[in-house]
Every structure is written in C-alpha cells, then in structure tokens.
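Peer 1: Following the hints, put chains Y and L in place on chain R, whose structure we already have.
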Amino acid sequence: MLFPTFQTASSGLGVFRTWMDAVSDNMANLDTVRPTSQPAFQARFVVASPIGDGQQAMTGGPAGATVTGISLGDATGRLVSDPTNPLADANGMVRYPDIDMGDQMAQLMIAQRGYQANLSVIDRAKDAYQQALSIGRSA
Amino acid sequence: MAVSAIAGAVAQLPTTPTLPATGQIGWTGGPGTIPGGGIPVGDTTAAANPQSFGQSMTQALDSLSGAQAKADNLAVQAATGDLTNVHDYMIAATEASLATQLTVAVRNKAVEAFNQIMNMGV
Amino acid sequence: MIDSTGSAIYAALNGLSARQRVIADNVANIETPGYIAGRVSFEDNLRAAIETGDPGTTSVLTTQSGDPVNPNGNNVSLDKEVVSLTDTDLRYQLMVQAINQKFGLLRTAIGGGA
Chain R
1 MLFPTFQTAS
11 SGLGVFRTWM
21 DAVSDNMANL
31 DTVRPTSQPA
41 FQARFVVASP
51 IGDGQQAMTG
61 GPAGATVTGI
71 SLGDATGRLV
81 SDPTNPLADA
91 NGMVRYPDID
101 MGDQMAQLMI
111 AQRGYQANLS
121 VIDRAKDAYQ
131 QALSIGRSA
Chain Y
1 MAVSAIAGAV
11 AQLPTTPTLP
21 ATGQIGWTGG
31 PGTIPGGGIP
41 VGDTTAAANP
51 QSFGQSMTQA
61 LDSLSGAQAK
71 ADNLAVQAAT
81 GDLTNVHDYM
91 IAATEASLAT
101 QLTVAVRNKA
111 VEAFNQIMNM
121 GV
Chain L
1 MIDSTGSAIY
11 AALNGLSARQ
21 RVIADNVANI
31 ETPGYIAGRV
41 SFEDNLRAAI
51 ETGDPGTTSV
61 LTTQSGDPVN
71 PNGNNVSLDK
81 EVVSLTDTDL
91 RYQLMVQAIN
101 QKFGLLRTAI
111 GGGA
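Chains as they are written, first to last, in the numbering used here: chain R, 1 to 139; chain Y, 1 to 122; chain L, 1 to 114.
Covered stretches of chain R (in silico footprint by chain Y; criterion: 3 or more residues with CB under 8 Å from a CB of chain Y, positions within the stretch not fixed):
1. 2-12
2. 126-137
Restricting the straight-line Cα-Cα distance to at most 16 Å, the calculated cross-link-like pairs of lysine to aspartate or glutamate (EDC-like) are:
3. Y:Lys70 x L:Asp3
4. Y:Lys70 x Y:Asp82
5. L:Lys80 x L:Asp25
6. L:Lys80 x R:Asp123
7. R:Lys126 x L:Asp89
8. Y:Lys70 x Y:Asp88
9. Y:Lys70 x Y:Glu95
10. L:Lys80 x L:Asp67
Simulated from the structure, these hints should not be mistaken for laboratory data.
Yeah, the Cβ is synthetic: ideal placement off N, Cα and C, and Gly gets one too.
So here's chain R without its partners, still in its complex pose (with noise of 0.2 Å):
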C-alpha cells in the first residue's frame, strides 16, 4: 500500500464516526416511552476491535480500528409513574430509557475529539508524504 497511513486514519474516522451516531441515536430517543410490557429502549454502545496485530503496521500491512458490533444496553430501563400517559399499565408506570444525557454528552466530545485527532493525522501524513516527493529536486 503506497501510504497505508491514510487507510489507518480513514478507519478511525469510520469508527468514530459510528459512535456519534449511536450518541446521536441514543439522544434522540431518551424520551420514548414504552409500555411495561415491552423492553425499553436500549442504548446503543458501539464495540470496536483493532485491525492487525500491530506488528503488521511498521511494514505498511493493516492496521487502524473497526467496528464489530453495536451491543445493547439495560432492557429494564427506568420506571416511572406516569398515570395520563396512554401507554401506561394499570398501575400508571411506563417504561423510560435507561439513558442519562450528561454521560452521552460526553460520549460526544470524546468521540468528537477522537475524530478531529484522526483528521490531524491525515493533515500531518499528507505534508510528510508531500515533503518526501520533493526528494531530489533541485530548488
């Protein structure tokens, strides 16, 4: 692969870029309701595996992060009493998310960070590389 720096990076991004969507997925709907009778809305968490063994990456091989699986959270959720609601069982109780928005809020930030830092190495990759094609040339 002539600059496998590029794929790396370019995995990250895929990664990241799927956890904000789960973030985002996972704030859309802190507020559906469900019955009692039905699971709650579960929150998405995105499971991510290394490609390659490392090893691999120092002679250009694969390398960089993917995204296995998006696994799911509490089924139980909150139960909260909420007579009105029409979805309520006889003793007035719904089910709520077990989703708590100050923690996917952050969840956003790390995954935003996560992805700008990855866009730097495709920024600082593409200088080196550009750098290393003026070998040679008279200035």
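Peer 2: Chains Y and L only, in chain R's frame:
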C-alpha cells in the same frame, strides 16, 4: 568510478621513509635495515591492482545501469500501489539522475582530454 | 522513447485521474437519494499487464461500491471519499515525478552537459 582510478595512481607513488627518533642519529643496524621503514624491496601490492581508465569507465557504467534499473523497478511498484516507502523511490530516482550526470561529465572530460592529446604537435 | 516502465507510469496516471473524476462525482452526489458510490480500479489490471510485459493495455474499470446504504438509498461516505482523494492526489504527484525523472535522464544523456 574515476575517483578510484586516481586513488590507484596515488598508491603507486613511493612512500617517504620516516626519520629515526631523536638520540638515534644514523642507524646502528647493518646494511639493509632502515629504522622506521622505507620501501621494502620487492613490494608489488600497490602495483598489483592498477585500474586502467577503461576499467573505471566500465565499472561506472555498470553501477549507473544498476541505479537506473533500481529506480525503474521502484517506479513500477509505485505505479501499481505496491510500494510501502515513497522515499525509497525518490532517493533511488535522485541517485540514478546524479549518477547519469556524473557519468556524462566524466565522458565529456575524457573526450576533451583525448582531443587535446591528439591536437598536440609531434 | 518510452519503455515498459514509462508505459506503466502512464497507465497509472490514466487510472488515477479517472479515480479523481469519480470521487468528484461521488462527492457531488452526497445527498442524492438512491445514488451508489463509484469505485475505480486499475491496480490489479496493471499488475497483470506488467506480468505479461505490456503495461500499455491496462484497462480502467469503474464499479459500484458495496458499502451499506443510508435510509434514503445513498451510500456515499464523505470520510472515505476525502481520504481517497488525498491518496489519489499524492500518488498522481508521485507518478508525475517519476515520468519527469525518466525524461530527465534522457535529456541529460542527449544534452551531454553536466
């Protein structure tokens, strides 16, 4: 390369004998032993590997075609995207380019020298 | 004047500029419903053509990418296209350097001057 031809010529010049240490004016050894060395009789190592100019040129051309072949090889690898280190190709290309220029310069000087010799009046 | 290395470089230049055009097309259609991203491949063809000794016969293929689609049928991923564009750009510059270097050697030999 031309430099090694000059080095070969320099090696054939006689080495200067070292002076004896102070307090030892003249030598006390018998004839045939000069302290500090000198030119031993029968030494032919310097004269054993002279390089003619033609041999130097042939060596230079061989190394030049080797450098060009290496640069070509790496260029083809870069074209198919199989090259891992971009700087490998750039350095090989620069080497080939400089080697070509050096060979051309040596050839020009040799032709010039030959012409000068031919134009000398007898 | 162009040997087999030169024609391999020329084939790569063609393939890379085709890829650049397809990337521009993909990025322009990033919000078009139902649009499937295109991918250009010429490296495998070039490798095979070099084996048989005639790189000039390399063909440039455009296929559709198999990436997962959005809810509106579009499967263009901006990250992938930007990275691919950067990579293609740099490889194009490298190929231009390579062909310049080959012509430079010829020029030096012809010109005779250091």
